[in-house]
Amino acid sequence: MRSSIIILSLTLVSACDRTGAYLVPQQTEGVDPVLELGELLVLTDAEWDDASSRHQYITYANIGAPEPGAQSGATYTFLGTGDKVCIVVDPESVFWNTSVATNNPSETYSYSDNYLDDGDLDLKAGFSATYTGSPGIELGDFYGQYTDSLGNTVEIAYNLCENVDYYGDTPAYAGKANAEYCEIDTEGREGIEYTVLLKTFSLPIDDSILSFATAVYDGGCRNIDECTLRYESRDVWVEGEEVMSSVREGFDELEQAYCDNDMYNYCMANPDMCGSPPD
Amino acid sequence: MRTLPILLIVLGATSCGYEEDLPEIDFSGRVIVPKEAATKIVEIDGVETELTDIRFLGPVFLGAYPSVTNTGFPYPHPEMGPVIDPAYPGNTYPYGGTSIGRFDFACFEAVACKVTTGRFESFDKIIEYFSWSDEPVVDPFGNLVESPDYYQQYCLDYYYNTELTEFGFLAIAEDEDGDLVPDLDFEQITAGHELAAEYEGDFVAEFTMRHTVWTEGMSIWGFLDNPSQDFTFSTCNDDVLGNARNDYNLYFSAGGHHHDILNYPSLYINEGDWVVRDAHVMTSKDDEPLLVLDCPASGC
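Chains A and B supply the protein sequences, listed in that same order.
FYI, the numbering for the first sequence is 1 to 279, going by this note's numbering.
FYI, the numbering for the second sequence is 1001 to 1300, going by this note's numbering.
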């Protein structure tokens, strides 16, 4: 009985060596937590359809950690084309679940993911007139109040960017590091300004800076996956007052391996880009 | 020791008087459906015949709204909030609602989304009703279902039921003697009925709208979704998730209501449906509205 108490006490004491502080995002001076990217041009079919040159037209940016209690994210605007437009965002980097089955585990997913380098952005969009935030200063949302003729007030969701889940329900979000997209029909709204809101759901643990790629293109959403927007995982540093970034070394190959279902071979060759190897 | 149970009883009894002050009410009322709404011309043995039958009445959807206006639609329609998506009308933001009858799956895929509760008191009545349509009841083998006994046995097997009263789509109930009697939602108003002076020949049904957010001056309004020519209903979603049937060699959706009927009623009101012309304005929590669905969807 006495030994049990001693063992229990030691166990509890040893647990005290973890503060969990590394899970709390740290602010990086110079990297803004609330970005306003301005007006993005809606890409044409010619600009979008060629995957090899698409990256020249898409927008890359980096979101820093906010002050405690504040929300970080980014906004930008685009003008309605009168047609359907597709809005895409791909936060860094690549995320997968490890295959842990004892029988017939999937070799592709047998290496674990490096979960420290993944972030998550939630996508919303609507008319700029219905956006409640102050671009570049404070994030808002697409909610408004409607008061009926008897004086009752109800909240209206003005978000036009509806993501549908597996069961066809809304709202739905793509999840950590996955490309998220939605389609908006701008018929009859040519030249009308829309605002896109990218709300941070989680920042990467490794540097507390969330890099992402985003674009708006004409026509409906089609065949979007992790490799639609490339090079979104970036190393970020500040020089003077300028935020610099470059594609994280080896990331393009990791992303391609993910899209080719070839992570096992990639992770074997590049263990520092992945998590723990299989048991 | 004896005082403790007494104290508990007293405490329990006092809790019965606790007023929760919920801003909701339950209230009841009646709807009148004109005879014309329950009348169809069908082909019986090759002869076109005019029939009046409550089986031609689909579900009645009722809602409590801030107000009802006569603008924007050929029929009275609840006031709407802002139009956000041009493909949709504005949301009506109802305070509550109910229906008289709902869609229920009557065992065969052939009748999915076509059977309303409170309209059929026997399997015989279901078979007869669909014999008037171009798509009579067929079983999974493609055979015409003509025997009520076969239909009943199939349903008992399908639902693992043992009593006919367990079928939601059968409008039957046990009387005091334990006998099964029809329990239809609608009753035809005949001479001697208190409403006969004004509505003789029409149909009346009772409703209760529960948990409605009480707002003085709210308008009670609704519409009747009548079956189309092919005996289907616009308010039934035949591709609804959550009601898929997967039984051995059968795989299909048994159907269910659309989820936004009261919010966007104009999306579901079509030719052949009937709408409340004069909404009832609630001035007291004790009001018992009498709603008359006398405005055809084509306009009034």
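Be careful, since some hints might not be right.
[Claimed, not checked] When the alpha-carbon atoms are kept at most 20 Å apart in a straight line, the in silico SDA-like pairs for lysine to any residue are as follows:
| no. | chain 1 | residue 1 | chain 2 | residue 2 |
| --- | --- | --- | --- | --- |
| 1 | B | K1035 | B | T1049 |
| 2 | A | K84 | B | T1165 |
| 3 | A | K84 | B | P1086 |
| 4 | A | K84 | B | A1087 |
| 5 | B | K1285 | B | R1030 |
| 6 | B | K1125 | B | T1165 |
| 7 | A | K84 | B | R1030 |
| 8 | A | K84 | B | T1049 |
| 9 | A | K176 | A | G30 |
| 10 | A | K84 | B | K1285 |
| 11 | B | K1285 | A | K176 |
| 12 | B | K1285 | A | G151 |
Keep in mind the hints are simulated off the structure, nothing from the lab.
**Message:** Just to be careful, I want the Cα atoms of K84/A and K1285/B compared with a cutoff of 20 Å; is the pair within it?
**Reply:** 48 Å, violated
**Distance restraint between K84/A and P1086/B, which requires alpha-carbon spacing of 20 Å or less** = 13 Å, holds
**Message:** Next pair to validate is K1285/B with R1030/B; report whether the Cα-Cα distance is within 20 Å.
**Reply:** 16 Å, holds
**Request:** Starting from K1125/B, check that the Cα of T1165/B is at most 20 Å away, please.
**Result:** With Cα atoms ~16 Å apart, K1125/B and T1165/B stay inside 20 Å; holds.
**Prompt:** Is the Cα-Cα distance between K84/A and A1087/B 20 Å or less?
**Reply:** 13 Å, holds
**Prompt:** Holds or violated: K84/A with T1165/B, Cα cutoff 20 Å?
**Reply:** Violated - the C-alpha atoms of T1165/B and K84/A are around 51 Å apart, more than 20 Å.
**K84/A paired with T1049/B [C-alpha distance capped at 20 Å]** = With a Cα-Cα distance of about 50 Å, the restraint between K84/A and T1049/B is violated, given a limit of 20 Å.
**Holds or violated: K1285/B to K176/A, with C-alpha atoms at most 20 Å apart** = 50 Å, violated
**Request:** For the pair we were handed, K84/A and R1030/B, check the Cα-Cα distance against 20 Å.
**Result:** Violated - the C-alpha atoms of R1030/B and K84/A are around 47 Å apart, more than 20 Å.
**Asked** Quick one, are K176/A and G30/A close enough, alpha carbons at most 20 Å?
**Response** Violated, at about 25 Å.
**Item:** Proposed proximity, T1049/B with K1035/B (alpha carbon, max 20 Å)
**Value:** Satisfied, since the Cα-Cα distance of roughly 16 Å is no more than 20 Å.
**Request:** Would you check the hint for K1285/B and G151/A, treating anything up to 20 Å between C-alpha atoms as holding?
**Result:** Holds, at about 18 Å.
Consistency with the previously given hints fails for numbers 2, 7, 8, 9, 10, 11, ordered from lowest to highest.
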